[in-house]
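> Based on these hints, arrange chain G on the given structure of chain R.
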Amino acid sequence: MAPTDEQRADGPKMSRQNAPMAVFISSHKRIGAWLLITAAVVASAAAFAYVGGWLTPGRLTPQRLVNQLQDNAGTFAGFRRNHAKGMCVSGWFDSNGAARAYSVAQVFALGRTPVEGRFAIPGGNPYASDSSVPIRSMALRFTQANGQQWRTGMNSMPVFAVGTPQAFFAQLQAMQPTAATGKPDPAKVAAFYAAHPETGPFRAWAKTAKPSASYATESYWGLDAFVFTDAHGKRQAVRWRMVPEATAADAVAPGAGDADFLASDLGRRLAQGPQRWELQITLANPGDPTNDASKAWPDNRRTIDAGTLVLDRIEPQDSGSCRDINFDPLVLPDGIAGSDDPLLAARSAAYADSYLRRTSEEAHWPGSLPLPEHRP
Amino acid sequence: MISAPKMFVPAARVLHWLLAAMILTMLFVGIGMVASISARHDWLVNLHKPLGIAILLLVIVRVVVRWRNPPPVLPADLPLLQRLAAYASQWLLYFLMLALPLVGWAMLSAGGYPVMLGASLRLPPIFPAGPVGFAVLRHLHTWLALLLFVTFLAHMAAALYHGLIRRDGVLSSMTWRCRARGAAED
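The listed protein sequences derive, respectively, from chains R and G. The numbers in the working numbering rise by one with no breaks, and the one at position 137 of the first sequence is 137. The numbers in the working numbering rise by one with no breaks, and the one at position 89 of the second sequence is 465.
Misleading hints may appear alongside valid ones.
What the hints assert, rightly or not - Listed next, the in silico EDC-like pairs over lysine to aspartate or glutamate satisfying Cα-Cα at most 20 Å (straight line): (1) 234/R to 334/R; (2) 425/G to 362/R; (3) 425/G to 353/R; (4) 234/R to 340/R.
Claimed, not checked - Just so you have them, the derived chain G footprint on chain R, three or more residues with Cβ under 8 Å: (5) 44 to 54; (6) 57 to 71; (7) 137 to 151; (8) 272 to 278; (9) 355 to 364.
To be verified - Just a few of them, taken from the derived set where beta-carbon distance is under 8 Å, the chain G residues facing chain R: (10) 412; (11) 413; (12) 418; (13) 442; (14) 446; (15) 447; (16) 489; (17) 496; (18) 504; (19) 505; (20) 515; (21) 531; (22) 533; (23) 536; (24) 541; (25) 543.
The hints are simulated quantities; they were obtained by calculation from the structure and are not laboratory data. Think of the CB as a built atom: it goes at the ideal place given N, C-alpha and C, for glycine as much as any other residue.
Looking at chain R on its own, in the form it has when it is part of the complex (with noise of 0.2 Å):
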């Protein structure tokens, strides 16, 4: 066998019996080594670094949509960073079995579930008025018996405004104040509604719509599509909203100047007795989008009605239980799967981020904001 390189280097002085554990090799070969080694080492950093986002700052990532979110309603260290003023509430879910035969969530199934729950208003900032915003909103945690569970985050209206996050995003930034007037930029606003049409459901929704007296009297709307599936695997398109038993005639004006009304008139009413909502699941046709929740799907689409919601308890969301409870939506039981829906990754990877942010506020982790002495 013909000498190669690294023998005409260390070879020829070495004895079998002493031979050296190391078998080293010519000064340019070792060059070429040192650097295939360096290449494989950054190449594997750099990949993860691409990977994680940090070589591109333009993508939406989660912390630029929470970002985004502070910088419209201003950051409030312990808070949600979005719907940020509410308060928790619980009861159960009383099923009569009927969606039982579209899904095999064991919630569906004829008996009672427990739920904790929240009412909040939009917005980043706890201290905002109860009129500001027109939207209402509702959050359960389903506990089913078998250690599962649902969480739903839903709205009172019945699309959403956008299909995507990238256009969320662009009506976030659209939406934040300026530092003149404190108030977004009109100009901003027209573009943005001139760019993005499939907004008109919404804003035709938004021109008729008033800031409710309570919370016991809206609709919500899940507002995402979902998909159950039955005991057979069969997959069916569902969307869901808890229509309330109370009416809007049941409502008290509140007084003026009172900019906490949501959370007094909630308490007056479960003082005498439990709240009520009805499930209502609406069953996709096929060919009904499931990918965009800014479309309603037609109203004539099969309802049925899954059971009753019953809220019998408030507590303030400081201490309540839902006060560490993240609603996002893609904590589902067997039986029922997100969509195709954009949004609900989304939301899910946003209120992760937000969830971190505000419980390491409340651990006092490094490099986290301080708490407020006192909180709403």
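Positioned in the frame of chain R, the structure of chain G alone reads:
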């Protein structure tokens, strides 16, 4: 007289390369999913959890295999500093491989999340629910993962150094063909 083994036993080698692929995948899945809002996010999260538990189980098997089959000794002429670095990085790798899945599991428990490995398979919580525990474990999960990635880079660089520059059989003791130590004079 029983001479020291020149190679890791086959079970150790299979587990090493299987775990290497799984852990590298896991690190990229983890760093990618927390930076993504696309549909990938959900897909990656649902991969991350069962893959993490699979790694935990395989690392336990790997520890048992290693304990029952002592690894080849390092080359006698390896400088002390490199020898210490080799031992320290291996212990760090084992620690991180075991700690990361456990911290992830505890973190989800502390966050009050059901620890789902699929549509219906749920693990019990291993940590009491609470925001402080969640935040600490969640940050710890990130920092330990970054440390694991850096340790992996060092491990890979050292393996290539042994294989390409020292050619001392350390790399080949973990591959399929044994390169006899100091065999180059044949």
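> Does each hint fit the structure? Answer for all of them.
Hints, verified against the model:
{"no.": "1", "hint": "234/R to 334/R", "result": "13 Å, holds"}
{"no.": "2", "hint": "425/G to 362/R", "result": "26 Å, violated"}
{"no.": "3", "hint": "425/G to 353/R", "result": "18 Å, holds"}
{"no.": "4", "hint": "234/R to 340/R", "result": "17 Å, holds"}
{"no.": "5", "hint": "44 to 54", "result": "holds (count 7)"}
{"no.": "6", "hint": "57 to 71", "result": "holds (count 6)"}
{"no.": "7", "hint": "137 to 151", "result": "holds (count 4)"}
{"no.": "8", "hint": "272 to 278", "result": "violated (count 0)"}
{"no.": "9", "hint": "355 to 364", "result": "holds (count 7)"}
{"no.": "10", "hint": "412", "result": "7 Å, holds"}
{"no.": "11", "hint": "413", "result": "4 Å, holds"}
{"no.": "12", "hint": "418", "result": "4 Å, holds"}
{"no.": "13", "hint": "442", "result": "22 Å, violated"}
{"no.": "14", "hint": "446", "result": "18 Å, violated"}
{"no.": "15", "hint": "447", "result": "16 Å, violated"}
{"no.": "16", "hint": "489", "result": "6 Å, holds"}
{"no.": "17", "hint": "496", "result": "4 Å, holds"}
{"no.": "18", "hint": "504", "result": "11 Å, violated"}
{"no.": "19", "hint": "505", "result": "7 Å, holds"}
{"no.": "20", "hint": "515", "result": "6 Å, holds"}
{"no.": "21", "hint": "531", "result": "11 Å, violated"}
{"no.": "22", "hint": "533", "result": "5 Å, holds"}
{"no.": "23", "hint": "536", "result": "5 Å, holds"}
{"no.": "24", "hint": "541", "result": "5 Å, holds"}
{"no.": "25", "hint": "543", "result": "4 Å, holds"}
Comparing the model with each earlier hint shows violations of hints 2, 8, 13, 14, 15, 18, 21; every other hint is respected.
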